[in-house]
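A.B. asks: Each chain is listed here by its residues.
There are 2 protein chains.
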Amino acid sequence: MAQKPSIPKGTRDFSPQEVAKRQYLMGVMRTNFEKFGYQPIETPTFENSETLMGKYGEEGDRLIFKILNSGDYLSKANETHLANKDSLRLTASISEKALRYDLTVPFARYVVQHQNDIEFPFKRYQIQPVWRADRPQKGRFREFYQCDADVVGSTSLWQEVELVQLYDSVFSELGLKGVTIKINNRKILSGIAEVIGAKDKLIDFTVALDKLDKIGEDGVKNEMIEKGISAEAIQKVQPLFQFTGTISEKIEQLSALLSSSEEGQKGIEELRFICESIQTLGLKESFLDLDVTLARGLNYYTGAILEVAPPAGVSMGSIGGGGRYDDLTGIFGLKNMSGVGISFGLDRIYLVMEELGLFPEAVTSTSKALFINYGQAEAMYAMQALTELRNQGIRAELYPDAAKIGKQFTHAERRGIRYAIMAGETERAAGQFGLKDLTSGDQVSTDLKGLIAKLR
Amino acid sequence: MAQKPSIPKGTRDFSPQEVAKRQYLMGVMRTNFEKFGYQPIETPTFENSETLMGKYGEEGDRLIFKILNSGDYLSKANETHLANKDSLRLTASISEKALRYDLTVPFARYVVQHQNDIEFPFKRYQIQPVWRADRPQKGRFREFYQCDADVVGSTSLWQEVELVQLYDSVFSELGLKGVTIKINNRKILSGIAEVIGAKDKLIDFTVALDKLDKIGEDGVKNEMIEKGISAEAIQKVQPLFQFTGTISEKIEQLSALLSSSEEGQKGIEELRFICESIQTLGLKESFLDLDVTLARGLNYYTGAILEVAPPAGVSMGSIGGGGRYDDLTGIFGLKNMSGVGISFGLDRIYLVMEELGLFPEAVTSTSKALFINYGQAEAMYAMQALTELRNQGIRAELYPDAAKIGKQFTHAERRGIRYAIMAGETERAAGQFGLKDLTSGDQVSTDLKGLIAKLR
Numbered sequence: 001m002a003q004k005p006s007i008p009k010g011t012r013d014f015s016p017q018e019v020a021k022r023q024y025l026m027g028v029m030r031t032n033f034e035k036f037g038y039q040p041i042e043t044p045t046f047e048n049s050e051t052l053m054g055k056y057g058e059e060g061d062r063l064i065f066k067i068l069n070s071g072d073y074l075s076k077a078n079e080t081h082l083a084n085k086d087s088l089r090l091t092a093s094i095s096e097k098a099l100r101y102d103l104t105v106p107f108a109r110y111v112v113q114h115q116n117d118i119e120f121p122f123k124r125y126q127i128q129p130v131w132r133a134d135r136p137q138k139g140r141f142r143e144f145y146q147c148d149a150d151v152v153g154s155t156s157l158w159q160e161v162e163l164v165q166l167y168d169s170v171f172s173e174l175g176l177k178g179v180t181i182k183i184n185n186r187k188i189l190s191g192i193a194e195v196i197g198a199k200d201k202l203i204d205f206t207v208a209l210d211k212l213d214k215i216g217e218d219g220v221k222n223e224m225i226e227k228g229i230s231a232e233a234i235q236k237v238q239p240l241f242q243f244t245g246t247i248s249e250k251i252e253q254l255s256a257l258l259s260s261s262e263e264g265q266k267g268i269e270e271l272r273f274i275c276e277s278i279q280t281l282g283l284k285e286s287f288l289d290l291d292v293t294l295a296r297g298l299n300y301y302t303g304a305i306l307e308v309a310p311p312a313g314v315s316m317g318s319i320g321g322g323g324r325y326d327d328l329t330g331i332f333g334l335k336n337m338s339g340v341g342i343s344f345g346l347d348r349i350y351l352v353m354e355e356l357g358l359f360p361e362a363v364t365s366t367s368k369a370l371f372i373n374y375g376q377a378e379a380m381y382a383m384q385a386l387t388e389l390r391n392q393g394i395r396a397e398l399y400p401d402a403a404k405i406g407k408q409f410t411h412a413e414r415r416g417i418r419y420a421i422m423a424g425e426t427e428r429a430a431g432q433f434g435l436k437d438l439t440s441g442d443q444v445s446t447d448l449k450g451l452i453a454k455l456r
Numbered sequence: 001m002a003q004k005p006s007i008p009k010g011t012r013d014f015s016p017q018e019v020a021k022r023q024y025l026m027g028v029m030r031t032n033f034e035k036f037g038y039q040p041i042e043t044p045t046f047e048n049s050e051t052l053m054g055k056y057g058e059e060g061d062r063l064i065f066k067i068l069n070s071g072d073y074l075s076k077a078n079e080t081h082l083a084n085k086d087s088l089r090l091t092a093s094i095s096e097k098a099l100r101y102d103l104t105v106p107f108a109r110y111v112v113q114h115q116n117d118i119e120f121p122f123k124r125y126q127i128q129p130v131w132r133a134d135r136p137q138k139g140r141f142r143e144f145y146q147c148d149a150d151v152v153g154s155t156s157l158w159q160e161v162e163l164v165q166l167y168d169s170v171f172s173e174l175g176l177k178g179v180t181i182k183i184n185n186r187k188i189l190s191g192i193a194e195v196i197g198a199k200d201k202l203i204d205f206t207v208a209l210d211k212l213d214k215i216g217e218d219g220v221k222n223e224m225i226e227k228g229i230s231a232e233a234i235q236k237v238q239p240l241f242q243f244t245g246t247i248s249e250k251i252e253q254l255s256a257l258l259s260s261s262e263e264g265q266k267g268i269e270e271l272r273f274i275c276e277s278i279q280t281l282g283l284k285e286s287f288l289d290l291d292v293t294l295a296r297g298l299n300y301y302t303g304a305i306l307e308v309a310p311p312a313g314v315s316m317g318s319i320g321g322g323g324r325y326d327d328l329t330g331i332f333g334l335k336n337m338s339g340v341g342i343s344f345g346l347d348r349i350y351l352v353m354e355e356l357g358l359f360p361e362a363v364t365s366t367s368k369a370l371f372i373n374y375g376q377a378e379a380m381y382a383m384q385a386l387t388e389l390r391n392q393g394i395r396a397e398l399y400p401d402a403a404k405i406g407k408q409f410t411h412a413e414r415r416g417i418r419y420a421i422m423a424g425e426t427e428r429a430a431g432q433f434g435l436k437d438l439t440s441g442d443q444v445s446t447d448l449k450g451l452i453a454k455l456r
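Going down the list, the protein sequences come from chains A and B. Under UniProt numbering, the first sequence has 315 at position 315, and the numbering climbs by one with no breaks. Under UniProt numbering, the second sequence has 6 at position 6, and the numbering climbs by one with no breaks.
Among these hints, one or two may not hold up.
Copies of one chain are not kept apart here, so a pair can be met inside one copy or by any two copies together.
Computed cross-link-like contacts, BS3-like style, restricted to lysine-lysine with a CA-CA straight-line distance of at most 27 Å [claimed, not checked]: (1) K368 with K407; (2) K9 with K55; (3) K449 with K284; (4) K335 with K407; (5) K335 with K4.
Think of the hints as simulated: they come from the structure by calculation, not from any bench.
Assemble the whole structure, with the sequences as input and the hints as a guide.
C.D. replies: Structure follows, in structure tokens:
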């Protein structure tokens, strides 16, 4: 093979530095998930196709990676579809398994499959990769991690309150100050649809309203009319065009606006409880804001809808999202299981952290010190010290070969190793080590005890 | 869907308790890998098929999971193979990607692809799942983790020494005392083959010799003769039948035995260096032993061969293995890159740890305390305390609903949560909390400060 090998488009290799940073992010999430009582589960990389197919819409089905059956798969292939060269229909007869597309459907499957062993309400988190046969783009990959926390088995709104706190807790610990946790409620959106008398136009309505900052009130109204929303309908929700103030003020405006909608009022009641609770409990570094244009996963969520915007000044889409779905496990035959959950966008959070320079310097997998190798006897002297350093939990290594000294120092520098330890014939005879700080150039001579104290 | 959903055979769901234990094992490995200067990389779940195919032999190719191309894959299918219903040959034209089969080939691919960015010698570790379409059996799965540490770019034997130390360090930290790290050398095996004058019979020879304990000297010799090894040849290696003593003694016996084989002598020299170095440096809890029947991956390794046996009394195969391979990256066109590495068998180590009861009790993802929910106002009082507990890093939660008290206590017990915190109307009025230890039944009344002190 003369050609340099490569990896499939939309996938990535992660270098040591990248893995260390990703591990750091996942570690902070993990710790916080567990502080909030969420427990980890893991599910297989591939599921039976019937578990996944039909759960994400037609487009989703298309984007699911299918695994070819092993062995003589053509022997069981559907003859008709094969003869017609009907790829789409043939798949089911030559592929029984498919790669996980998200973590929510496998979670629902897990809950139903293990329902007798699970103690409800069940708070679970899951940090695993998922795969989508999407067209790769900047920031969109075919393999990427999802980091989800969900509770299933209770309709208590304390869970929504807690999920807002959880977002705040994770982002605060990461040093990511000033994120905005936007909240809305599916029932409020239903109320708006009722009021404008056009349930089917709800998406068009929210998409247009979302542009208020950019194109102004007239621009938004024109777009709405173009989309077939009547002027009367728009008139009825006029307050949404001057929708400002604190969350409490916004809630009162909404309440008046949706006074005729029972469902709308229910949504306002839920929203009020969550927002007032958060107000009482306080957030560390994040802001909570009501955004009536927030409609993500509209066909999916039934209660609260959440989305996290990065700090002002960072041009990046949402770095998290979630909501309440009243019938999580119904697709697998277990009815009346309400769920609510949130997701963290690992890749985007990574990019934001990089942009703002927020990764701690200590987040690295590199050794703290490199012993220079002066030859067999000296190397044994170094290895004895090294063994002790490692026993003390210090990350260190010996250059494996007695190469030229300059080359060894260059190796330390290129690896980002801060200290070089010289243990040549003289040092060995004296039971000493020369410790050189490659950043400052400072050099001291010390015994093993001093070495440990210095490097710990 | 009336039927309970299931997962593909050979795959597993992991419960919170299992994930916590696996994370613990991987955490110990990770920490030790980094103490020894190994740095993490991660590679994609699927590789281009050409990267994997042909690297594991014909049987390996068959066991690789292939991913069906997206979209109208039949439009590019090979007409002839399709008409002949030749599944084996058709695959290449309808599948371009395949799931990772091990971590070594992707590592070799990574090294070649990123050779200009890598500072050699390159010490990398990788902890990721792999997939094999093997027939599932007890303890053999289609999806399982590999945990590998390898160095590439140096032939220094200090690396072998260090890998023995690394095994010892990981197993000692896990409390797994008394594992035997068995060592051999490919060149010694070649030497034996030379001496018995039957290179092609080497496997038969080592397999038979390995049974010495079970079937005795005569049994082994009979088996060797049945396999076509001549009596004269067997006579020449007679010392191997009384092969006992310390490593040093064994090495001397071998040295005499292989005096006529140049390659054998080279192997002995390597072995001697590694074993004497380990003797000088010492091991914490493990034993190093020379096992001339050790021949794993015979066609693969070129120098040291390592394998780890669990402590005596545990009936389980090897829990780790590795060795030196002189041409790691040649398959991708980068010549003269010697590599040496070891692997940890996560699933088996898990089973051994369970059998010996070695998982620390603290390895759990469960909350330390559950606040009992007495209703809205009391729940807010609880949530305020809970927020502070979590800020202090304490894992705790509130039962989300004001359910019957008995049900809430049962929930805590079933979840393995040790403390229940009662914050009802009386406690709230007094600014107190009732803290009940569900293990001992002891109950105290305390303020928030006391609660934190008690639970931390």
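A.B. asks: Any hints this thing doesn't respect? Which numbers, in order?
C.D. replies: none
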